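The whole structure should be built from the sequences, with the hints applied where relevant.
Sequences listed follow chains P and E, in order. Residue numbering for the first sequence is 1 to 256, as defined by the numbering used here. Residue numbering for the second sequence is 1 to 523, as defined by the numbering used here.
Heads up, a few of these hints could be off.
Unchecked claim - In the BS3-like style, the derived pairs of lysine-lysine whose C-alpha atoms are separated by at most 25 Å in a straight line are:
| # | chain 1 | residue 1 | chain 2 | residue 2 |
| --- | --- | --- | --- | --- |
| 1 | E | K468 | E | K487 |
| 2 | E | K487 | P | K110 |
| 3 | E | K28 | E | K377 |
| 4 | P | K140 | E | K487 |
| 5 | P | K48 | P | K60 |
| 6 | P | K140 | E | K377 |
| 7 | P | K110 | P | K227 |
| 8 | E | K468 | E | K20 |
| 9 | E | K28 | E | K468 |
FYI, nobody ran anything at the bench for these hints, they're computed from the structure. Please read these numbers as outputs of a predicted model, since none were measured by experiment.
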Amino acid sequence: MSLTGIVRPYGDTTGDGRVQLSFTLPVPFGDEAERARAEGAALQLAAKMGLDPAMVVHAKGMGPDFTFFIVYGRVSHLVDLSAVTVAEREFPVLPAAEVNLRIRSALGRKLVVVGACIGTDAHTVGIDAILNVKGHAGEKGLEYYREIRVVNMGSQVGVADLVARAAAEHADAVLVSQVVTQRDAHLSNTREMSAAFHAAFGLQRPVLVVGGPRFDPSAAQDLGVDKIFGRGTTPSEVASYLVHALTPDAAQRGAA
Amino acid sequence: MTGKLNLDPALVAQARELAKRAAAPVVKLARTHTTVSVERAVLRLAGLDGADEDGMPWVNRLADAVRESTGLEHGVALPVWDAMLTGGYPDLRTLAVDAAAGLVKFRQPAGHEGNAARDTAARSVKKGMTRIDAQRAERDRMLAATSDPPMPWIYLIVATGDIYEDIPQAQAAAREGADIIAVIRSTGQSLLDYVPEGATREGYAGTYATQENFRLMRAALDDTSRELGRYIRLTNYASGLCMPEIASLAGLERLDMMLNDCMYGIIFRDINPVRTFIDQRFSRQVHARAGIVINTGEDNYLTTADAVDAAHTVVVSQLLNEYFGREAGLADGQLGLGHAFEINPEVPDSFMLELAHAQLIRELFPDAPLKYMPPTKHMTGNVFAGYLLDAFFNLCGVMTDQSILLIGMMTEGIHTPFLSDRDLALENVRYVRRAAGQLGQEFRPEPDGLVARRARQVLGESVDLLRKIGSQGLLNAIAAGTFGVTKRPPDGGRGLDGVVERADGYFNPAADQLETTPLEAKQ
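Here's what the structure looks like:
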């Protein structure tokens, strides 16, 4: 199968274009007339989304005012793989031993990471998955790396507290996680955080890294941070990025 | 139901004794101190509500004014009701407005003026207690007029941020089978040192707990309870910096269950440990009086620590919560001890280990309405796999006779649940109950099989840890990171500046009336 060509969704046959979809409409699903109208409404939405033909395989009333649908259908859209853009990873993922070695030879001390959930977000699963020894997806977290010192401030940390702690700990990097947010609070929180670090440290600020499932990984510059990690990021990716960001020109510095 | 695991009764008794030894010094601390929120709760029970134009509640304004002028070590009641009497104020609100403007000079009244202030304060607070008692009776009346659903009660969360969106969602969930509705709070609320006022429509990942929101939701669920002929319980959170006040508002507005853990705020919100234990005791006394079932938060430990390695920390915390709860007057039937289904599904025999943990807790606390929490940590974006995991959670819950099942959402960690997520989740639990509801009665683990051995191992580890905590002291154990892998020193965290040591002659009419909670709550 070509990786640069044209593809369609795959149901059970190449090119069949079959997809599944579920959604709720605020329509009743009571008597026969209401049911027919609800299914018609679902098919209309499916058609407007490009599913043709579409089939409502499941419809269920939820209370007097709502209906849930599962729809299968064929999309006519083509996916042009040559037009797909991905943010290439600008750094290699390194094993833990290599990360430790590079930190030791480039910095000559431990690399200090301060992590927190900021704003109102109380969900520490993301930051804990990256920082705690326990780790995530079969990988140990940053606390496990001998040459990384981790300060995990936990949840609902104020930006001023984060800045003060980063200064007190001489942080090389600050990791901020935002998991569950509403009304784009993760974006405003991140901007507030990056502005505070820029104001407090100027060019000497620590590397700023944010992560969470709602972020667009390509928006780092817009948010004033150095790196954004999305869903499914593992500790070794973060550790490798930190090594990349904090030690690349170590050889030059050593020579000067 | 008990006796499937061959637990050693002597070891169980020893665990309880060790928990008592670890917790007793903390109870003493709570009896000899007060907090700003305990004092504000006294004012709330006496009927002071509302807020100034900046949204700061009058209870905060008045308590702050008293603290500035005479301190809080004698309690807020004497200076406040002395000022009411000497200033001829018609009500607390008028006094609070003047006090906030700096127009009131508070003092510690003595002699017969002190007695007058004491009597008036006690009478004012008694009105709040009477209302709490009336609400408790009203709950009994509603239960009789509708019906009390069989256990396990199905517990569902709404969390839109807007009370007027929450209400139809809660009613829809009840019609679909939910027995308990929990309105998740805006996540920032636990760190606010005041309770917001009025009906609110803006919250983050939840809706603010306010007296008016409580009232609106309870009224709506009363309508739905009558419509369905089944009493729908309402849950909120007595946690964070305003735990005592929120507990009081819950009693006044007839909430039925409240999240109220002895250590959750310390570990997960970095609230000062001393503040938490003082606030907790008062709030539990209120809950005892109000007939409110508390829900504890041990499930949270398993979201930071590994669910197999840390299983015994759950049991230890439950034993501490039980001791603190009983000491504050809660009946065993009001102790909704929490735990969770959080073992990594990649671990071999993970379901059998879950069965062992859940059955162990059922047997340790036979009369407690245990609250069982669904998987969160190992829910991925694969909603189909998540739906399967939730079904196994439901199965474990019915097999081990859990009392309250919080219903898992296949979209856990992705977004606040869609209407359809909730509907599918209820379909899941209804199927499991229908298909396997009686399985618990026939489920007999092998006496020396994996399940029974694992349960006995966790109990043994719990006793070892309790012994260690007893020798180092609970506050030191928390500081050392014993729970939730998080270290919280007793002089750290938020809210320590709101802790005040009681002076001789400290007077708190609410605490006095709560110490003599009616007998039926203590049975």
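Against the structure, the hints:
The suggested pairing of E:K468 with E:K487 holds, with an alpha-carbon distance near 16 Å, which does not exceed 25 Å. Pair hint E:K487 plus P:K110 holds up; C-alpha atoms about 22 Å apart against a cutoff of 25 Å. Between E:K28 and E:K377, the direct Cα distance comes to roughly 37 Å. Violation of the 25 Å bound is thereby established for this hinted pair. Pair hint P:K140 plus E:K487 holds up; C-alpha atoms about 20 Å apart against a cutoff of 25 Å.
For the hint pairing P:K48 with P:K60, the CA-to-CA distance comes to about 21 Å; that is within 25 Å, so the pair holds. About 16 Å separates the Cα atoms of P:K140 and E:K377, which keeps this hinted pair within 25 Å; it holds. Note on P:K110 and P:K227: the hinted pairing holds, with a Cα-Cα distance of about 21 Å set against a maximum of 25 Å. Proposed proximity of E:K468 and E:K20 is supported: the alpha carbons are some 13 Å apart, at most 25 Å.
The hinted pair formed by E:K28 and E:K468 meets the criterion: a straight-line CA distance of about 20 Å does not exceed 25 Å.
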